[in-house]
Every structure is written in C-alpha cells, then in structure tokens.
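Asker: Read off the chains here:
There are 2 protein chains.
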Amino acid sequence: MNSISLTLTTKEDKGVLDEITDVLSNHGINISYVHLYVKDDVGTLNLELDNVNQLDELIDDLKSKDFILDIEIHGSLNDIFGKRILIFGGGAQVSQVAVGAITEADRHNIRGERISVDTIPLVGEKNIAEAVDAVNRLPRVNALVLAGSLMGGSITETVRKLKEKHKELIVITLNMPGSVTTEADLIVTDPIQVGVMAVMAVASTAVFDIKRLKGNNKF
Amino acid sequence: MNSISLTLTTKEDKGVLDEITDVLSNHGINISYVHLYVKDDVGTLNLELDNVNQLDELIDDLKSKDFILDIEIHGSLNDIFGKRILIFGGGAQVSQVAVGAITEADRHNIRGERISVDTIPLVGEKNIAEAVDAVNRLPRVNALVLAGSLMGGSITETVRKLKEKHKELIVITLNMPGSVTTEADLIVTDPIQVGVMAVMAVASTAVFDIKRLKGNNKF
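Protein sequences, first through last, are from chains A and B. Heads up: the first sequence is residues 425 to 643, going by my numbering. Heads up: the second sequence is residues 425 to 643, going by my numbering.
Please note that a few of the clues may not be correct.
If chains are identical, the list can't say which one is meant, so a pair holds when it fits in one copy or spans any two.
[Unchecked claim] Lysine to any residue pairs mimicking SDA-like chemistry, simulated, CA-CA at most 20 Å apart:
hint	residue 1	residue 2
1	K591	L460
2	K507	L562
3	K507	L479
4	K463	R564
5	K487	V440
6	K438	K638
7	K507	A553
8	K507	T629
9	K507	G452
10	K507	V559
11	K635	D490
12	K589	M600
13	K438	S449
14	K507	R561
15	K435	L448
16	K591	V462
17	K489	T433
18	K638	T605
19	K642	G467
20	K550	D503
These aren't lab readings, by the way, just hints derived from the structure by calculation. Values in this document were obtained by computation on a predicted structure and should not be read as measured data.
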C-alpha cells in the first residue's frame with residue numbers, strides 16, 4: 425500500500441498537529457495534502473499520505489494518542505481523481521475544449537486511467553494571469569490548457585514563471601494571436617482537438633509523447 | 425481584507441507547523457486549507473486563510489520566526505476559483521452537462537461571479553460511489569451533478585451519507601433509472617439544461633433558488 429487518505433477527528437489542543445506530523449515522519453510518510461477545519465473544539469484533518477508501507481502500525485500509533493477521537497481510512501484523492509487537466513479561457517471555446525478533453529478522458533478512464541478535467545471560464549488579462557499563478561498551489565495538476573482567442577502580456581509572463589517552478593507541467597494553448605503561444609509546449613487550432621491532445625499528453629494509456637514534438641508543436 | 429493565501433518557505437524542523445498555527449490562532453485566523461511539501465530540508469506551505477483582519481501585523485509576526493525563509497501573499501483560491509460544481513458520470517452525457525455548466529458559468533463569471541466546473545468521467549458503481557464519498561474531502565464544493573444513465577445501489581447510499589455530512593451541498597442528477605434520483609434536490613432530463621441549472625443554483629448572480637422547488641423538482 426502506498427498512497428492513502430486519512431480523516432482524523434481530534435480534540436482541538438495545542439501541539440496536536442505537531443504530534444501527528446511526528447508520528448507520520450517516524451513512519452517515513454510524506455504528507456502531500458492537508459485540509460483541516462475546527463468546529464466546537466473538534467478538529468477534522470483530511471490527510472493525503474504517500475509512501476505508507478505499514479498501515480496497521482500507523483493506525484495503532486495514531487490511536488495511542490489520547491487526542492485522536494476517530495480515524496477513517498479512504499482511497500487517496502490521487503487514485504480517485506487522478507491526473508488533473510486545467511482549462512482556463514472564455515466564451516465559445518472553453519466549453520468545446522472541455523468536450524474534447526472529457527470525451528477523451530472518458531475513453532482512457534474506462535481502461536483504468538484516472539484523469540479529471542477542471543475548468544474555469546474567465547476573461548481578462550489580470551484574472552487569467554492570477555489563475556495561472558495559482559496553478560502551483562493546486563494539487564495533482566499535470567496540464568494547463570489556455571483556451572482563448574487573445575492572450576499575452578502578464579499571462580505570458582506568469583506562464584513562464586509557472587513553468588520554472590513546475591517543470592513537469594505541460595502547457596497547451598489554442599492557436600491565437602498574443603504572445604502566450606511562445607510559452608506553449610503544444611499549439612492547436614481546433615478546440616476539440618486541443619482537449620483531446622491534452623488528455624493524450626498526460627495519459628499513460630496513450631502513445632503520444634509531447635517531448636518528442638520539439639520544434640514541431642503547432643497543429 | 426478577509427480571505428488570503430500565503431505561501432511560506434520554511435526551514436524543516438520539529439515544531440515549525442505548530443508555531444505557525446499558534447501565530448495564526450493568536451490572530452483569530454481560520455485555516456481552511458493547507459498544502460505542504462518538503463524538499464531538501466526546505467518546507468513549502470500553502471495556506472488558505474479566512475478572517476484575516478490585520479495582514480501587516482500577521483506578516484510581521486511570521487517574519488519574526490527565524491525558521492521562516494520567505495513569505496508570498498496571494499489572492500485566496502476561494503476568490504480565484506470560487507464555487508465549485510463537480511460533474512461525475514460517463515459517456516456522451518458527462519461532456520454535454522459540462523458544456524451547459526461551463527457556458528452558463530462563463531456568463532455569470534463575466535458579471536463578477538467565480539464558478540469552476542470540475543469533471544471526472546467515471547463508470548461503475550464502485551468507482552462513482554468512491555468519488556462521491558471523496559467529495560467531502562475536497563475544498564469549495566457547492567454542487568454535485570450526477571450525469572449518467574443508471575445510478576443506484578451504493579452510489580445512492582453514499583450520496584445520502586454525503587448530504588448528512590455536507591448539509592449545504594446541492595445534488596442534481598439527470599433523470600434516469602436507478603434509485604439515485606431519490607436523493608436529488610433537482611432532477612433534469614436534458615444534459616445541457618442540467619449543467620445550466622447547476623450553475624444557476626449556486627450563482628449569486630442568478631435569481632433561481634433551489635430551496636423553493638420542494639416537491640416540484642423534476643424537469
């Protein structure tokens with residue numbers, strides 16, 4: 425067993441978070457995501473954990489702490505929602521890119537892949553640049569598709585910085601005026617096809633390898 | 425100023441997380457989301473914070489800790505990606521529901537709303553039930569749309585439990601055979617319309633109030 429998700433219900437007290445992270449690090453476990461909230465002095469902590477090799481012993485060690493009220497074990501969000509393709513843009517195109525991506529993801533997910541297609545319709549240079557900047561703060565993102573008819577300026581600059589921080593991220597754009605295409609790994613004219621190709625680029629059930637396109641990435 | 429996002433770069437050391445949560449709780453701040461990872465003894469902590477009233481003092485207090493290497497201030501993910509509509513289902517329908525939702529969200533987002541439309545194409549009772557169970561562990565979810573042609577059994581049971589835990593969640597289904605429609609707040613036959621109505625149900629820029637439909641929720 426490697427990745428799991430735990431939901432811990434705890435008494436809200438000083439040092440609780442620290443004791444939990446101690447137990448996890450003693451087991452050599454990586455925390456990839458934490459979502460916590462506190463209500464009426466009871467804390468709920470959703471933890472995504474990688475490298476969990478001895479689940480029973482981990483649960484025993486957590487149960488030995490008197491501030492732990494309840495433990496639920498779930499499949500990891502990585503396993504359930506899988507790789508994540510983000511689509512940002514506005515108007516007619518963004519929903520058509522989503523059709524291509526969702527239809528193609530359906531075909532791969534049937535064969536055992538897990539690919540999510542997450543979209544926000546947005547217009548305006550500032551709004552889109554802010555969303556691009558936030559990609560690095562979202563979990564599980566494999567590819568970003570920019571689905572607009574004109575993107576440049578601070579969007580291009582933000583994509584460049586994002587790619588420096590997130591070296592594995594694949595950036596795909598529609599073929600459009602504006603400088604953003606200079607930062608794209610792949611430029612595609614047809615909105616349905618750009619969605620399909622984004623899924624092919626991240627699916628391990630596909631033979632398409634975007635790294636082999638260098639110098640010939642415009643379709 | 426109310427909701428913000430901070431990215432803290434820290435030395436990785438025992439007690440760091442606890443000292444940070446201490447500073448935040450001294451300011452009366454709620455942590456709604458934490459995403460952390462550690463690499464080469466440097467920790468990166470993305471924090472979504474609510475109820476931040478004195479940002480300058482908060483930053484000063486954090487900077488006074490010698491384990492803090494860097495602080496970046498961002499807009500909150502709540503403000504950037506906003507309310508979240510999830511669409512689960514497979515085949516022809518899931519992408520058409522997404523078209524309705526994305527197109528309608530585009531129209532609301534242009535007027536200042538922020539609504540995201542997040543999709544995973546999935547088939548199989550067990551897979552969909554597992555994804556429904558995981559909804560409670562995702563941030564910012566306002567509505568769940570089940571876009572299939574037959575859903576019941578453990579999916580229905582999981583939807584029922586999810587609604588007990590997450591009382592504000594709106595559950596919308598396509599009109600289909602299978603017991604899942606018994607748990608729906610709204611049942612819609614047309615896939616484009618179900619997407620549109622999901623957005624109308626969560627948008628504060630819309631006049632549609634799903635609570636007023638009780639007893640007449642099938643279209």
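Asker: The structure should be examined with respect to each hint, and the outcome stated for every one.
Answerer: A quick look at each hint next to the structure:
| no. | hint | in the structure |
| --- | --- | --- |
| 1 | K591 with L460 | between (28 Å within a copy, 18 Å between copies) |
| 2 | K507 with L562 | both (12 Å within a copy, 15 Å between copies) |
| 3 | K507 with L479 | neither (24 Å within a copy, 35 Å between copies) |
| 4 | K463 with R564 | between (28 Å within a copy, 17 Å between copies) |
| 5 | K487 with V440 | within (13 Å within a copy, 23 Å between copies) |
| 6 | K438 with K638 | neither (53 Å within a copy, 45 Å between copies) |
| 7 | K507 with A553 | between (22 Å within a copy, 19 Å between copies) |
| 8 | K507 with T629 | within (12 Å within a copy, 32 Å between copies) |
| 9 | K507 with G452 | neither (24 Å within a copy, 36 Å between copies) |
| 10 | K507 with V559 | both (14 Å within a copy, 16 Å between copies) |
| 11 | K635 with D490 | neither (51 Å within a copy, 42 Å between copies) |
| 12 | K589 with M600 | neither (25 Å within a copy, 45 Å between copies) |
| 13 | K438 with S449 | both (19 Å within a copy, 10 Å between copies) |
| 14 | K507 with R561 | both (15 Å within a copy, 17 Å between copies) |
| 15 | K435 with L448 | both (18 Å within a copy, 18 Å between copies) |
| 16 | K591 with V462 | between (35 Å within a copy, 17 Å between copies) |
| 17 | K489 with T433 | within (12 Å within a copy, 29 Å between copies) |
| 18 | K638 with T605 | within (14 Å within a copy, 49 Å between copies) |
| 19 | K642 with G467 | neither (50 Å within a copy, 38 Å between copies) |
| 20 | K550 with D503 | between (34 Å within a copy, 13 Å between copies) |
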